[in-house]
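Protein chains: 2
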Amino acid sequence: MALIVQKFGGTSVGNTDRIKNVARRVAEYRARGDKLVVVVSAMSGVTDGLIKLAKDITPLPSEREMDMLLATGEQQTIALTAIALHARDIPAVSMTGAQAGIVTDGVHTKAKIRNITPKQVHGFLNEGNVVIVAGFQGQTADGEITTLGRGGSDLTAIALAAALKADLCQIYTDVDGVYTADPRIVPDARKLDEIAYDEMLELAGAGAKVMQLRSVEFAKKFGVVFEVRSSLNDNPGTIVKEETRSMEDVVIRGVSLDKNQAKLTVVGIPDQPGRAARIFRSLGDATINVDMIVQSASHGAANASRATDISFTVDKPDLLKARKVLDALKPDLSFRDILTEDDIGKVSIVGVGMRSHTGIAGRMFEILGTQGINIDMISTSEIKISVVVQLAQGEQAVRALHQAFIS
Amino acid sequence: MALIVQKFGGTSVGNTDRIKNVARRVAEYRARGDKLVVVVSAMSGVTDGLIKLAKDITPLPSEREMDMLLATGEQQTIALTAIALHARDIPAVSMTGAQAGIVTDGVHTKAKIRNITPKQVHGFLNEGNVVIVAGFQGQTADGEITTLGRGGSDLTAIALAAALKADLCQIYTDVDGVYTADPRIVPDARKLDEIAYDEMLELAGAGAKVMQLRSVEFAKKFGVVFEVRSSLNDNPGTIVKEETRSMEDVVIRGVSLDKNQAKLTVVGIPDQPGRAARIFRSLGDATINVDMIVQSASHGAANASRATDISFTVDKPDLLKARKVLDALKPDLSFRDILTEDDIGKVSIVGVGMRSHTGIAGRMFEILGTQGINIDMISTSEIKISVVVQLAQGEQAVRALHQAFIS
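Read top to bottom, the protein sequences are chains D and P. Read in order, the letters of the first sequence correspond to residues 0 to 406 in numbering that gives the first Met the number 0. Read in order, the letters of the second sequence correspond to residues 0 to 406 in numbering that gives the first Met the number 0.
Read the hints as simulated data drawn from the structure, not as lab findings. Just to be clear, a hint being listed does not mean it is correct.
Cut-off 20 Å, straight-line C-alpha distance, at most; resulting in silico cross-link-like pairs (EDC-like, lysine to aspartate or glutamate) [claimed, not checked]:
1. Lys-54/D - Asp-88/P
2. Lys-258/D - Glu-394/D
3. Lys-54/P - Asp-88/D
4. Lys-19/D - Asp-55/P
5. Lys-19/D - Glu-62/P
6. Lys-118/D - Asp-141/P
7. Lys-219/P - Glu-381/P
8. Lys-190/P - Glu-226/P
9. Lys-208/P - Glu-226/P
10. Lys-111/D - Glu-216/D
11. Lys-118/D - Glu-143/P
12. Lys-220/D - Glu-193/D
13. Lys-54/P - Asp-16/D
14. Lys-19/P - Asp-55/D
15. Lys-190/D - Glu-226/D
16. Lys-118/P - Glu-143/D
17. Lys-54/D - Asp-16/P
18. Lys-118/P - Asp-141/D
From a predicted model like this one, the values you see are computed outputs, not experimental measurements.
All chains should be built: construct the whole structure from the sequences, respecting the hints.
Printed below as a string of structure tokens:
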């Protein structure tokens, strides 16, 4: 008899028929004798509807009150899911995040989980119930309702699995698992049976949209083995777990394309200490995430006139905001110009096998070269190599790399 | 500086414009320097929508889960109301029933308030906030979410006013206050400036639909003075409070018509001890409320064949259910027949002045007699006289009594 935490996202519980379908799946596991904790998101559309109501009143509603408002979405789903299980004669109780003992810090709309005291969850489980927990939410030690921000329901599931010492955590989603590449780009992409936390992290950071980074980070930190699988069929999914030695035999686990980046180049920055730091601190203050950074060699002859160019990428929606931050800095830092480019793609290859295999970067550049694909920026980590190419060539690059490294 | 509890029902917060309007009104009181606690219901339509979702899944959803589901309605309104106050630069915090310290018993969907520990409400008030509390809900000592059933938001407001020792409790609704009669029936009905708890109770019990009985009972028990007034205008409403000596000068405070009653007559019950008790116990077990009861004189000559008739009224929607209960008893109690009648109206006159004025019943019957209105059943309390008449003559009776006793 295993203890399993199952998480179903907003699409999987998007209407009462789908909620009944979740109940059917939960019933199957229960029939095997498993103990089950089910984490659900708000029904798709509900959260957006609530946000619209708040914005009808004022464009910038208070974050505390948005948490109060949005937490109702998951609370509705847990009740309906419990009701759907009752309709199958399965004892079930719903619990809000607060009731399930999920204690967070007080940073409304993006709270961090401080600790979980799942005493009541254990109690209900031991009485033979399926326990349905509202994802995405918790409460502070003072009893204030908080939400965990994007991907929060995944985090609830993984954190609960850790606190309950669950045997398995299943993240049900609308894809079959983690693929070697986006099947829409690479038709012969394969579903992976397993992937290491670090690989999953690098892929998520490289634009593969299966899960938010911090849920994977949390799972890695607490050693929670989880499975990403489809709520639409019964296929086994992808197990995400700590790296094993055999994983290193595979050099490249996956190839990804991130189309959501834009590039800015600050031209002619006087080459004096602290100027680059000023730029990135100002961007950070404006909560703009900077991804890749490349500084070109200084040019100019005399010391005083030496200048450098710095290119970096940001999320495309932040491009305008970043441009404004730089404009404001111009008088002070006296650089020459700002160039922006938003038709770029970041192509990444990821694999823990890179650690023990050499020459991967060279092979990657060679492959792209034979395809006539120009590389604009490069960044590497221990288990990832990313390059920026023209957006129009992004998919071609992914296909060529998948063909060479994986197929 | 007064502490005022204001309650706004579902219609008053039915959309974001109305919520803004509530905020405008709250702002006016705040500008006078009052401390404010605002109790709100779910936006009209929200609760029904949630019930429909649950019934889509199963016809008889669990009451615990219905509480979990429905409590979200008020939680949404409190957040939106706080946001609307923020938009007016008024500091405000929302609180669920649980957060406001409303502790109930565990009878889901119709919980009773056990006690209120409004420590956090006081805390937020003292920090200068308007405190917005979700009506209709509470939690048990174990942290289970409960709802208070029909009229629950009024009860929340009155109970909070008691616990906070508020100077005034205002119940905002869609009528201007309590009237001497329904203005749709009696065009010259007057709004009352004040009314005694007992009168309000008798009127509510007699079909005047301003408020649920138990909220008035609670107010009476804890001496909470409250005002029933309109959320659509700024007219003063009706103050409901403990009886004062001057109130006795008015013999009849109001006249009401209850069209929602039906009458059953059990004919020919053998006149033996306990048979009537059996009938009303069985009806009670089936949660059918019996209002008026009239037992006719026994008839028949010999002891063995003496029999009696019993007539009583129930809420019209319960007529069929009551009939079934009686049918089931028939073999056992061996009465002769069951007659039902649903075209009746209960006409009541109410006033604490009856205590010190005699002959009111006689005058009432006389007035109805001169109108050619036949009286079918009579019941009296210390401050109320009710008669059952033909439904078609009900409004005529109300007008005649209002004309004679009040105008």
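For each hint, the structure was consulted:
A hinted pair counts as satisfied when its Cα atoms are at most 20 Å apart, and Lys-54/D with Asp-88/P qualifies at roughly 16 Å. The suggested pairing of Lys-258/D with Glu-394/D holds, with an alpha-carbon distance near 10 Å, which does not exceed 20 Å. Taking the CA atoms of Lys-54/P and Asp-88/D, the gap is about 16 Å. The hint holds against a cut of 20 Å. Straight-line distance between C-alpha atoms of Lys-19/D and Asp-55/P comes to about 10 Å, which keeps the hinted pair within the 20 Å bound.
For a cut-off of 20 Å, the pair hint linking Lys-19/D to Glu-62/P stands: about 19 Å separates their Cα positions. In summary, the hint linking Lys-118/D to Asp-141/P is supported, as the alpha carbons are separated by about 12 Å, within the 20 Å threshold. Distance hint between Lys-219/P and Glu-381/P is fulfilled; the C-alpha atoms sit about 17 Å from each other, no more than 20 Å. Restraint check for Lys-190/P and Glu-226/P: satisfied, since their Cα atoms lie roughly 12 Å apart, inside the 20 Å limit.
Restraint check: the Cα-Cα separation between Lys-208/P and Glu-226/P comes to about 15 Å, which is no more than 20 Å; the hinted pair holds. For the hint pairing Lys-111/D with Glu-216/D, the CA-to-CA distance comes to about 13 Å; that is within 20 Å, so the pair holds. Among the hinted pairs, Lys-118/D with Glu-143/P is consistent with the structure: their alpha-carbon atoms are about 14 Å apart, no more than 20 Å. Under the criterion of a C-alpha separation no larger than 20 Å, the hint pairing Lys-220/D with Glu-193/D is consistent with the structure, at around 18 Å.
Taken as a hint, the Lys-54/P and Asp-16/D pair is honoured in the structure, with Cα atoms around 12 Å apart against an allowance of 20 Å. A threshold of 20 Å between alpha carbons decides the hint, and for Lys-19/P with Asp-55/D the separation of about 10 Å falls inside it, so the pair holds. Taking the CA atoms of Lys-190/D and Glu-226/D, the gap is about 12 Å. The hint holds against a cut of 20 Å. Between Lys-118/P and Glu-143/D the CA atoms are separated by roughly 14 Å; this keeps the pair inside 20 Å, and the hint holds.
The hinted pair formed by Lys-54/D and Asp-16/P meets the criterion: a straight-line CA distance of about 12 Å does not exceed 20 Å. Between the alpha carbons of Lys-118/P and Asp-141/D the distance comes to roughly 12 Å, so the proposed pair stays at or under 20 Å and holds.
Hint compliance for this structure: every hint is met.
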